[in-house]
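Engineer: Listed here are the chains, written in short residue letters.
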Amino acid sequence: MTIPAKIEGRFSETEIDDEVVVMNLESGDFFSLTGTAREIWRLIDGSRDRAQLIAALAEAFAEDPARIATDFDPFLDQLREAGLIDDR
Amino acid sequence: MTIVEAWLNRARTIRAMAWLLFAMAVVALVPFAHWRVRLGSPGSAESARLGEAVRLARQVERGANRLRLPVKCLPRAMALSWMLRRRMIAHRLVIAARPQHDRSSKADALHAWVECCDQTILGELDGPWILVFTAG
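Here the protein sequences line up with chains P and F, keeping their order. For the first sequence, the working numbering assigns the number 1 to the initial residue and increments by one for each residue that follows. For the second sequence, the working numbering assigns the number 1001 to the initial residue and increments by one for each residue that follows.
For the record, the hints were derived by calculation from the structure and aren't laboratory data. Bear in mind that the values here come from a model prediction, so they are computed numbers and not experimental data. Hints are not guaranteed to be accurate.
[Stated by the list, open to error] Okay, the calculated beta carbon distance ranges per label pair:
hint	chain 1	residue 1	chain 2	residue 2	range
1	P	D45	F	R1103	37 to 43 Å
2	F	A1028	P	D71	23 to 29 Å
3	P	D29	F	A1018	37 to 43 Å
4	P	D29	F	L1125	38 to 44 Å
5	P	R80	F	L1069	53 to 59 Å
6	P	R88	F	E1052	31 to 37 Å
7	F	E1005	P	G9	31 to 37 Å
8	P	A66	F	L1125	22 to 28 Å
9	P	D18	F	T1134	22 to 28 Å
10	F	M1088	P	I3	44 to 50 Å
11	F	D1108	P	P74	54 to 60 Å
12	F	L1050	P	D17	30 to 36 Å
13	P	R80	F	T1120	23 to 29 Å
[Claimed, not checked] Partial pick of chain P residues on the chain F-facing surface, computed with a CB cut under 7 Å:
hint	residue
14	I7
15	E8
16	G9
17	S12
18	T14
19	V20
20	V21
21	S27
Note that beta-carbon positions come from the ideal geometry of N, C-alpha and C, so glycine has one too.
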């Protein structure tokens, strides 16, 4: 069981209104996260595995977990590719 | 303006152009992690020499205008920051993003500017802005 976790010291983030702007301090790349993406980012705290994250999102958005999972996995792959999270 | 002053101004503009070209090369070729720590300068109140900082900012703007290439805000801010650091002038370099609801295109999504004595001396642009990175 792997747990997605943010890579400390790799990014800076600023939240304003309904948006989180994340900057990768290694590459200088920016990411604007809103809606589900923002919620996923906030829920990744190094304590929840994939199933727990999906369950939390399903509850937050009153959505079917299977439907959440179709967007969740590709987004997590994007975060990994961006160097913002890894799996512990 | 005397001839000497005119030539000094030209020399200063050429110097600014050199810094701008260097900054553009760094942005293009060097990972952000390697140069972000060399931006900005916190300094003290005594080292925040606004008049001198503004003159250097104008030199950077003249240099950018002289270059026959588009010079974006970040290399301008970097060039000025390095010029200010060399003179140990306290300043802050800011990189910010527009909030999503104010973003009309990718081109205006990000911006960089330089502040000295709590004033924007280079790259002033109306907000709103989300500050994502500051140096100094």
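Engineer: Return the numbers of the hints above that this structure violates; sort them in rising order.
Structural biologist: 1, 2, 3, 4, 5, 6, 7, 8, 11, 13, 14, 15, 16 and 19
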